[in-house]
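Novice: Based on these hints, arrange chain B on the given structure of chain A.
Going down the list, the protein sequences come from chains A and B.
Residue numbers for the first sequence follow UniProt numbering, beginning at 1 and rising by one.
Residue numbers for the second sequence follow UniProt numbering, beginning at 1 and rising by one.
Source of the hints: derived by calculation from the structure; they are not laboratory data.
Errors might be hidden in some of the hints.
[Unchecked claim] Covered, in the sense of this in silico footprint (three residues per stretch, anywhere, with C-beta under 8 Å from a C-beta of chain A), are these stretches of chain B:
id	region
1	9 to 17
2	37 to 51
3	227 to 238
4	266 to 280
5	306 to 317
6	330 to 338
7	369 to 380
Please read all numbers here as calculations on a predicted model, not as lab measurements.
Where is the CB? At the ideal position from N, CA and C, for every residue including glycine.
For reference, the chains in residue letters:
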Amino acid sequence: MARPSERDRRFEPGLPRFSTGVSAVSVLAVFGFVASDPVSLAFAVVGGLAVGVGLLRRIEFALTAGVGGLFVAVLQAGADGSPEWVLGATVPVVLAWVTARHALRLGAQVGSVASTLRVELVHTVSVVVLVTAGGGIGYLVYRSVTGTPSPLALGLLLLAVVAFTLSLR
Amino acid sequence: MRRRRIPTIVGLLAISAGVLLLALPELGGGLLPRVAATLLTVGVGAAAVVLAARELFDSDDPELRLPTPESRPQYRVPGAAFAERLDRISTVGRRAADDADEWDGARERTPRERVYASLHELGVDVLGRTDGDTPGAAADRLAGGEWTADETAAAFFADGLCPPLPRRASLPLVRPELPMVERARHAVAELAERLSTDAPDSASRLAPVETMGDGAAQGEYWPTAELPRTRSTGRTRRVAVAVLLASAGGVVMGVPGAVLTAAFGIALAGAARIWEPTADIELTRTLEPRTPTPGATVEVTVTVRNVGETTIPDLRLLDGVPAGLSVRSGSPRLTTALRPGTERSFTYALTAVPGTHAFESPLVIAGDFAGARETVRTVAVTDGHDSLACGFERRSDDASSPREQATQMPGQQKAGVTGSGVEFDSLRAYRPGDPASRIDWHHRAKTGDLATVEFQEPRQPRVAVVVDARRAAYVAATPGNVPAPRHGASAAYSVADRLLDDGVPVGIGTVGAGDCWLPATTGEAHREAIRTRLAGDAAVPWTPPEESTQIREAVDDLTARLDPDVQVVVVSPLCDDDGVDLVRQLEGAGHGVSVVSPDCTDPSTVAGAYAHLARENRLSTLRGHDIPVRDWDPTTPLREVQARGAAV
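Isolated chain A (complex conformation) (with noise of 0.2 Å):
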């Protein structure tokens, strides 16, 4: 009769902490965000437990869609606001879903017991940068806009947007 001569160590898909923990806070900023409107913070909240539910049980789909929800949370916050406090409020939201499908990804691949502290940090502060620095100038942009007269102008803007995220693909 065989047995086991010891018990060896089983792949087991983890949950990297720091995107994780960037992910909750991010979700929390939202909640302040949005907290003074209440049609908004319940969108936001039943948002923010799916991104959890998301998480917790390795669904993308209810990542994705919980990210909508904080999405859809913001615009309403901001739908009588100013386009700056849209802006501002959207970071989290991105910051939110990218670094929670990071951790994703990397705890299918890596597993739970490998170090990723190192590889969460580098990709954390390089869409923090990319994204502000993608706002940076879009707000620029619609600071040079504003007040515009010609309503052709901001259709032929938008034909711009539509066009490359087309090509960017």
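Specialist: The following block gives chain B in isolation, referenced to the frame of chain A:
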């Protein structure tokens, strides 16, 4: 490229026109530009929504199946088939309970009939061996129920196949164990108890079938056929959907902030286009110790160095742990970010098992800065060790041969043919050309006729060791343990090594996996060839073969290669009836066959105890046909078993 160029040009033109309009607002006045602006906004907004929807329903790049270097392929546990059959009884039984159907219709053999038949056979065998009952008497005792004090176990044989269902079984959502399954469990436990093996507790329920391994269903151990590959993580696609929806929604609802958030998406998607995920790395690996003893811990240290000129922001590495080894501590996976010229090391520990284990090519996943795309490829280890040799050493001690008939001294075996020799066999009429030394002159003096003496021809015995590596033979005590054919390879080497020491020519072959055949001969080069074949994973691989083996064909193949007087040592776990067929058909083909059987059953579970009983039954069947069988526990070295065999 053209697909991307057109939208880029359109985008640039739109931006230029927009900026021109902003600079010269008077161009945008008037009715026509207003109408154009409205049409443009609505049209582009609608197009954005449609495109977003299309992107949404596009599927991502298919996920790559990454290997799991931590553990071996998951093998089947002996008795898994029995557990599945009991499970099937439960399913069918519940369905019958749910549908208020008949228990058994006029079908051929229901699962419960099959379970009954196999357990009945085992019961008769066990009672015959423990109490000396004849098969008929044993069957009567089973039917009478007086063979055991356990009423539930006795009821299995005495009460028929359709015990009444408990009322609870008919309730929705309640899934009690069906009486038939419980009785079968108890019967197995009682029979195992009689054979005084460490029997399962009859109160313990059946382990779920899923925990018993699924053989080769999981596919290749180290899948690299689709590599290298650059794949999208799906981020850009989702970002594109969000940007399109947010811009369209923002314009329609008049929320400029929403349109503005598109900038985030364009930044993320743009970054993904700028940086290619690449990783120019070098790997070195060291093993300590290089030649461990079985069961020892081997420390593996892998060093990754960035030899490119750019920073690698996201590097994930899976070291190619050989299929036969499992990780004891640490992780063979690494994530890191590396500046040019820097390096990083990681260490993990493996448990050594016998064999020559070649490491697989490590797998590298390199991501870009934005985490939008990743390249998956294999890298070669440029420096250091890429294989580990354990066990399969020459033994210098002496012990018996595997079978008494496999004589060690040349000339002891009776070849069944006559000719020159020393032992008298017969006298025949002289034929011209017979040597004068063999003419019987006494016979000539007595009768006047010439006659020639025939002696028994001495012949050196030859042995072929055949390892059973059929798909069905790939069983292990627990799903992640060493499979029986690999124990078989160790045993085969041990047997061959000893016979070669005794000067007996030995050949080796396999049935099932691999196509290994070395004809029987002697010599150090041959010994080394046998060692290389059996220790490596070409002849007896760590992953089960895809196809199951037809015994008839396998025996035909073997007998075509074997000379008629070659003795065969079959190394088989005997965990299915085909293993017995293989041995008996080889015996039937005229070869002297003996069996070495590594025991991979675990009698402490119900399924394992069933497998143990069934294997004992097969062993006694073979012994009943005068085929010597060595029952070998793979946790002890085979030479001890052989030494015990010699002493008996």
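Novice: Are at least 3 residues of the region 306 to 317 of chain B within less than 8 Å of chain A when you compare beta carbons?
Specialist: It holds, with 4 qualifying residues against the three required.
Novice: Do three or more residues of the region 37 to 51 of chain B come closer than 8 Å to chain A, measuring C-beta to C-beta?
Specialist: Satisfied; 9 residues make the cut.
Novice: How does the region 330 to 338 of chain B fare against chain A when you require at least three residues with a CB closer than 8 Å, holds or violated?
Specialist: holds (count 7)
Novice: Do three or more residues from the region 369 to 380 of chain B put their C-beta atoms closer than 8 Å to C-beta atoms of chain A?
Specialist: That given contact holds, which follows from 3 residues of the region 369 to 380 of chain B lying within Cβ reach (below 8 Å) of chain A.
Novice: Do three or more residues from the region 227 to 238 of chain B put their C-beta atoms closer than 8 Å to C-beta atoms of chain A?
Specialist: holds (count 5)
Novice: Are at least 3 residues of the region 9 to 17 of chain B within less than 8 Å of chain A when you compare beta carbons?
Specialist: With 6 residues close enough to chain A, the hint holds.
Novice: Is the coverage entry for the region 266 to 280 of chain B by chain A consistent with the three-residue Cβ rule at 8 Å?
Specialist: holds (count 8)
The structure meets every hint from the earlier list without exception.
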